[in-house]
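Colleague: Take a look at the letters that make up each chain.
Protein chains: 2
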Amino acid sequence: MKIIIIGLGLIGGSIAKTLSSAQDFEILAFDSDQNTIKNALENQSIQGSLHSLDDLGNAEYEDSVVIIATPPSATDEILKSLDFLFNSSVTITDTTSTKNSINKILQEFNFPKNFIFSHPVAGSHLSGEKNSVADLFNGKSTILSYHDSVASQHVDRVTNLWSTLGSNITVLDAELHDQIFAYSSHLPHVAAYALLNTLKGLEQDDLSDFSGGGLGEFLRLASSSPRMWADIFSMNEKNIAIAIDDLMKSLGILKEKIRKDPQSLQTFLGELKDFKESNY
Amino acid sequence: MKIIIIGLGLIGGSIAKTLSSAQDFEILAFDSDQNTIKNALENQSIQGSLHSLDDLGNAEYEDSVVIIATPPSATDEILKSLDFLFNSSVTITDTTSTKNSINKILQEFNFPKNFIFSHPVAGSHLSGEKNSVADLFNGKSTILSYHDSVASQHVDRVTNLWSTLGSNITVLDAELHDQIFAYSSHLPHVAAYALLNTLKGLEQDDLSDFSGGGLGEFLRLASSSPRMWADIFSMNEKNIAIAIDDLMKSLGILKEKIRKDPQSLQTFLGELKDFKESNY
Numbered sequence: 123m124k125i126i127i128i129g130l131g132l133i134g135g136s137i138a139k140t141l142s143s144a145q146d147f148e149i150l151a152f153d154s155d156q157n158t159i160k161n162a163l164e165n166q167s168i169q170g171s172l173h174s175l176d177d178l179g180n181a182e183y184e185d186s187v188v189i190i191a192t193p194p195s196a197t198d199e200i201l202k203s204l205d206f207l208f209n210s211s212v213t214i215t216d217t218t219s220t221k222n223s224i225n226k227i228l229q230e231f232n233f234p235k236n237f238i239f240s241h242p243v244a245g246s247h248l249s250g251e252k253n254s255v256a257d258l259f260n261g262k263s264t265i266l267s268y269h270d271s272v273a274s275q276h277v278d279r280v281t282n283l284w285s286t287l288g289s290n291i292t293v294l295d296a297e298l299h300d301q302i303f304a305y306s307s308h309l310p311h312v313a314a315y316a317l318l319n320t321l322k323g324l325e326q327d328d329l330s331d332f333s334g335g336g337l338g339e340f341l342r343l344a345s346s347s348p349r350m351w352a353d354i355f356s357m358n359e360k361n362i363a364i365a366i367d368d369l370m371k372s373l374g375i376l377k378e379k380i381r382k383d384p385q386s387l388q389t390f391l392g393e394l395k396d397f398k399e400s401n402y
Numbered sequence: 123m124k125i126i127i128i129g130l131g132l133i134g135g136s137i138a139k140t141l142s143s144a145q146d147f148e149i150l151a152f153d154s155d156q157n158t159i160k161n162a163l164e165n166q167s168i169q170g171s172l173h174s175l176d177d178l179g180n181a182e183y184e185d186s187v188v189i190i191a192t193p194p195s196a197t198d199e200i201l202k203s204l205d206f207l208f209n210s211s212v213t214i215t216d217t218t219s220t221k222n223s224i225n226k227i228l229q230e231f232n233f234p235k236n237f238i239f240s241h242p243v244a245g246s247h248l249s250g251e252k253n254s255v256a257d258l259f260n261g262k263s264t265i266l267s268y269h270d271s272v273a274s275q276h277v278d279r280v281t282n283l284w285s286t287l288g289s290n291i292t293v294l295d296a297e298l299h300d301q302i303f304a305y306s307s308h309l310p311h312v313a314a315y316a317l318l319n320t321l322k323g324l325e326q327d328d329l330s331d332f333s334g335g336g337l338g339e340f341l342r343l344a345s346s347s348p349r350m351w352a353d354i355f356s357m358n359e360k361n362i363a364i365a366i367d368d369l370m371k372s373l374g375i376l377k378e379k380i381r382k383d384p385q386s387l388q389t390f391l392g393e394l395k396d397f398k399e400s401n402y
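Same order as they appear, the protein sequences are chains A and B. According to our numbering, the first sequence is numbered sequentially starting from 123. According to our numbering, the second sequence is numbered sequentially starting from 123.
Hints may be right or wrong, so weigh each one.
Taking lysine-lysine pairs in the BS3-like style, the calculated list, with each CA pair at most 25 Å apart, reads [as the list claims (entries may be wrong)]:
1. K252/B <-> K322/A
2. K322/A <-> K322/B
3. K262/B <-> K252/B
4. K360/B <-> K322/A
5. K235/B <-> K124/B
6. K202/B <-> K382/A
7. K377/A <-> K377/B
Hint data in this document are derived by calculation from the structure and do not stem from the laboratory. Just so it is clear, the structure is predicted and the values come from calculations on it, not from any experiment.
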């Protein structure tokens, strides 16, 4: 089966590196950076490249799988430019962590029967093809979303793809996906940035001497690409705004409990610790 | 020199294990749990134990160093019970991460000349003597605070103690200590608990499938002892309340920036990332 990866970054590059060691896949890539393509050809993670996305309309790409693995804002534009593939034999999927804006595009096109949302819950604070690795998705979750109108052969192909990559697959409604991720993934990143903004405002030297080891790990959430997170936050703005309000409420609850007696505070912290141990 | 460790937990136990391999120290301990004392004697991290803190008034303990290494709330009570040692030749220090309530006790006693605040910025989400290790303080910061009235021989002894333990020593005013730690250490823990409270409120199963790897590291801040953190939060309540308000302001700023254009959001996130890279 032909796999066409659009965007050879951390995710696209890692897909290529993993699949290149599996049987039965011919891996081709499209990337605006020709050095990236050259490197991937040299390390044999891809077998060829496309010069133009328009080529995907050619007969040789029938029944192939197209993976759009670009940053979220670029994904929208690329998907629109691939409208000539909608409802064809080609399967199209993405890798983004917000689904809302793509969903609007799909709606404009009356929900094409061959588009499946993919969200591999894997990554790194590093980015780019040079940081891609073969086992990035192994044992990690990948969330699939698709409309009722989608044809089962396309679902099967995308399911097979992520299974080959070693992912544990969960199917989730696209709207629910964005609501859940606003809390489970986007909000912790917002919290890390907000904490950094608070610490920055102190203008105190040598702050790291005054914090334990855990803080560095927490703040590592803010080490990822600002471009990617600006994209994600903006595209899931409404859900994240609600999540931020909820976090503020929880901060208010804690502030009040800290003001009251240490005994009930200890019980409260113990319950949260128990929740953490059974869920993370 | 005689070192008397009151409370053989993670901190006290780690002090004992490190010093027992150094020359010139005789290490004695007091702990309400006789099993802990028995273990420490067996693994030779201490050379003996005290049956009552009143014994510290005996001539044999002159010029020794007493380290109170109990949880913050117990530290207050123990310090008060040691009032017969105030202004003696014995040096007294603590290991707690909030200084406010001890400072009030010192004030009652007109600032004894032989008490030095110690705050080793080292620890673990694990607790207890069984988790103590010999190299816990090596390369870590320890903050000392003391009043102008303190005699230099006591400062020298405590400085020598933490140097032997491998710590980098910083001297800080006790009030400033509590203000800085409210932000640099206590606030991140509050944020982790608040985030847990928000996620708990969702009542969504399998939440960990929907978050990246960074979240687990962040939430590990909430894995520490609820008793210890209830103590710390309560004892530094006023400073933490101000820090929580500041964090809420930062969350509000982020919410607003997310609502506006992605470009200025990206610039903002980039600045915070830069601050992180140069400070943590």
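Colleague: Each hint: holds or not?
Modeller: Here is how each hint holds up against the structure:
At most 25 Å may separate the alpha-carbon atoms for a hinted pair to count; K252/B and K322/A exceed this at roughly 38 Å. A distance of roughly 29 Å separates the Cα atoms of K322/A and K322/B; the hinted pair therefore is violated under the 25 Å criterion. With a CA separation close to 21 Å, the supplied pair K262/B and K252/B stays within the 25 Å bound. Taking the CA atoms of K360/B and K322/A, the gap is about 21 Å. The hint holds against a cut of 25 Å.
For the proposed pair K235/B and K124/B, the alpha carbon gap of about 19 Å is at most 25 Å, so the pair holds. At most 25 Å may separate the alpha-carbon atoms for a hinted pair to count; K202/B and K382/A meet this at roughly 24 Å. Restraint check for K377/A and K377/B: the C-alpha separation of about 21 Å stays at or below 25 Å, so the hint holds.
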